[in-house]
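Trainee: Sequence:
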Amino acid sequence: MTSYKRFEDLPVWQCAVDLAVTMFPWTQHTVGRGNGDLANQLQRAVLSISNNIAEGFERGSTNELLQFLYIARGSAGEVRSMLCVMERIPAFRDFKSEISDLKSQCEGISRQLRSWANSLQNSDIAGQRHLNDRARRQFNQNQQRAAFIERQEQFRKEMDERLRREAEQRQKPDSQT
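Residue 1 is where the sequence shown starts when you use the numbering used here, and the numbers rise one by one after that.
No lab work stands behind these hints, which were simulated from the structure alone. It is possible that part of the hints are untrue.
[To be verified] Computed beta-carbon distance windows for the label pairs:
| # | residue 1 | residue 2 | range |
| --- | --- | --- | --- |
| 1 | Arg165 | Gln121 | 41 to 49 angstroms |
| 2 | Ala167 | Tyr70 | 50 to 58 angstroms |
| 3 | Gln67 | Gln14 | 18 to 26 angstroms |
| 4 | Gln67 | Arg162 | 45 to 53 angstroms |
| 5 | Pro25 | Tyr70 | 24 to 32 angstroms |
In this text, a Cβ means the ideal position worked out from N, Cα and C, and glycines have one as well.
Could you build all of it, start to finish, from the sequences and the hints given here?
Mentor: So this is what it looks like as structure tokens:
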């Protein structure tokens with residue numbers, strides 16, 4: 001499992017920012033013509049996705065992170081809902097393809113957020129804020145133990161492969177006589 005130090009490195013945050021970067025000019029070009037309130041609401045909702053991911057990440061506890069991930073997911077749903085409404089409005093008929101692409105991006109972000117939230121709910125770690133010295137030592141020991149076991153497994157595989165090759169080499173001269 002990858003450990004991220006900064007929210008800017010999170011793939012889901014990057015996807016949310018990409019969506020916002022796409023959404024802003026699109027809303028100004030298409031939605032903004034006589035529909036300023038809708039454009040403004042779309043822009044605020046799409047920004048809320050990445051902002052809530054960032055805020056939750058920076059909070060320091062798993063429970064708070066989960067809370068903000070659910071808020072971010074709700075914002076992705078809000079954006080998707082507005083896009084669904086726009087699909088049914090005749091004035092946006094020419095933008096069905098763009099709307100569909102934006103909805104797909106929102107769905108992908110929602111899936112990532114749901115998966116992350118599910119993994120956090122099943123985690124024993126309550127977050128950085130809750131790690132006292134004893135818990136930190138235990139966590140680090142567990143990480144080191146897992147890394148050691150992984151190295152042992154890799155060594156075992158390499159040795160098995162080496163022994164297999166040596167056995168094949170020993171059999172080659174026998175078959176030639």
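Trainee: So, for every hint listed, does it hold in this structure?
Mentor: Each hint, compared with the structure:
Take Arg165 and Gln121: their Cβ atoms lie about 46 angstroms apart, and the range 41 to 49 angstroms holds. For the pair Ala167 and Tyr70, the beta carbons lie near 56 angstroms from each other, so the given range of 50 to 58 angstroms is met. Taking the beta carbon of each, Gln67 and Gln14 are about 21 angstroms apart, inside 18 to 26 angstroms as hinted. In this structure the hint that Gln67 and Arg162 lie 45 to 53 angstroms apart at CB holds, the actual value being about 51 angstroms.
Between Pro25 and Tyr70 the CB atoms are about 29 angstroms apart, so this pair conforms to the stated range of 24 to 32 angstroms.
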